[in-house]
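Take these sequences, add in the hints, and give me the full structure.
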Amino acid sequence: MKFIDFFIRHQREIVQATVEHIWLVGMAMLIAVAIGVPLGIIASRHPWLSKPILGGANIAETIPSLALFGFLLPVPWLGDRADRLVITALTLYALLPIIRNTTAGIAGVDSAVREAARGMGMTENQILFQVELPLSAPTILAGVRVATVLTIGIATIAAAVGAGGLGEFIFRGLAMVNDQLILAGAIPAAALALLADFGLSLLERRLRPARS
Amino acid sequence: MKAEPDREAAREPAIEFQNAGYRLPNGRALLENVGIKVRRGETLVLLGRSGAGKTTALKLINRLLDPSDGEVLVEGKSTRTWDAISLRRHIGYVIQDIGLFPHLTVERNVSLVPRLEQWPVERTRARTDELLRLMGLEPDTFSKRYPHQLSGGQRQRVGIARALAVDPPILLMDEPFGSLDPLTTGELHKEFQQLQRRLQKAIVIVTHDVGESLLLATRIALLDAGKLTGIYTPKEFLVAQEPVAAAYVANFRMYEEAERKNEVH
Chain D
1495 MKFIDFFIRH QREIVQATVE HIWLVGMAML IAVAIGVPLG IIASRHPWLS
1545 KPILGGANIA ETIPSLALFG FLLPVPWLGD RADRLVITAL TLYALLPIIR
1595 NTTAGIAGVD SAVREAARGM GMTENQILFQ VELPLSAPTI LAGVRVATVL
1645 TIGIATIAAA VGAGGLGEFI FRGLAMVNDQ LILAGAIPAA ALALLADFGL
1695 SLLERRLRPA RS
Chain V
513 MKAEPDREAA REPAIEFQNA GYRLPNGRAL LENVGIKVRR GETLVLLGRS
563 GAGKTTALKL INRLLDPSDG EVLVEGKSTR TWDAISLRRH IGYVIQDIGL
613 FPHLTVERNV SLVPRLEQWP VERTRARTDE LLRLMGLEPD TFSKRYPHQL
663 SGGQRQRVGI ARALAVDPPI LLMDEPFGSL DPLTTGELHK EFQQLQRRLQ
713 KAIVIVTHDV GESLLLATRI ALLDAGKLTG IYTPKEFLVA QEPVAAAYVA
763 NFRMYEEAER KNEVH
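These protein sequence lines map, in sequence, to chains D and V. First residue of the first sequence: 1495, per my numbering; consecutive thereafter. First residue of the second sequence: 513, per my numbering; consecutive thereafter.
Possibly wrong hints are sitting among the right ones.
[To be verified] Listed below are several chain V residues computed to face chain D (Cβ distance under 10 angstroms; list not exhaustive):
{"id": "1", "residue": "Leu-576"}
{"id": "2", "residue": "Ser-598"}
{"id": "3", "residue": "Gln-608"}
{"id": "4", "residue": "Leu-612"}
{"id": "5", "residue": "Ala-677"}
Simulated from the structure, these hints should not be mistaken for laboratory data. Ideal Cβ positions, reconstructed from N, Cα and C, are used throughout, including at glycine.
Right, dumping it as structure tokens:
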């Protein structure tokens, strides 16, 4: 079991790379939620803005990740540090599922419920925060889950611009034609994605209002 | 001290449509030139087919829509000059499909408006319990349940309790007893009559059910294709000559006939 030996021997490096990886993805997701949910709300409030917002996020999604890192490199403040650059790129990738699910979640709120809320004298803000967002929380969270799994994968490419993370092993392994090195990056990354998927789906289920 | 303004309020109509109309942005009129007065203690039924403008008329009262022509007065004041939010909190609203909040318990649903109005916690709780009892729902059993855990009739009761929460002088009900089985509907009809005798509110009910109209209405306003074809007491309605009203009555009689034919002598 050479492979397990390898894992144990490089335990500290792997753990450190995993922590870096989590940091990159975690920061990107925090920012993406902070931007994406409000953008989704704006898009659902003003239908004429929903096309440009979703279109913009769509375009970001289609740029190959390595190319996106390249495009961001010359940007003044962003290009100064590799992690900044990677977090920005990951944020851009994470936006689309979050925005899309936010608008879908809000659109999915039963119109009778919304009308009851208006008819009872709730203000637009009260309807948003007390009715629409709580009811669309599971859908929004599903978007966050998709985005998280997506960025955990893309973050492995961060090593190409020197931002660290589990991609470090993969790139080194590729360069040295060493399967064990590749697996040392790939297995924790896959485990991380599965874990995030599972954890967030649990949370999602708890938020979903029980319906018979 | 309180009696004086109350008596005054009873004299002046709680709701008044003055040649009110509503037009869609594309110019199509959903409601034309409607004049109706509703006083406290009175139950006005808006009767008509789907698309006759009943719900539109209802929405003009709580300013979910603004009239394109004429005025709608609530307590003597044009809805245009009311602040929409305070107007709506002044009016109980029960809608088709109930519109209970699925993510809130029965208690939170009923106490929503009091909480928006920032009532003290104790008063809110006492009021919620009182309303649930009024609607025949034991608070200990039902407070913590979610809407999906209730039967259709129970949900409807919660919807009515919610609309009554801050004791609004006006109550609007859009097909409140639709989509329930006939026995539950009958039960709720009976309770509704007792409730109205006690509460003496100005109530407007939208329905397309003639039997329900005859049972609950003080007066029936018949709407047809956006126009008010007449206002009748239930007695007048049954003998009305106006063709639309007569058609409704004839249709209603058909079921009575069926009943008579099958009676055991």
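Against the structure, the hints:
{"no.": "1", "hint": "Leu-576", "result": "holds (6 angstroms)"}
{"no.": "2", "hint": "Ser-598", "result": "holds (7 angstroms)"}
{"no.": "3", "hint": "Gln-608", "result": "holds (7 angstroms)"}
{"no.": "4", "hint": "Leu-612", "result": "holds (7 angstroms)"}
{"no.": "5", "hint": "Ala-677", "result": "holds (9 angstroms)"}
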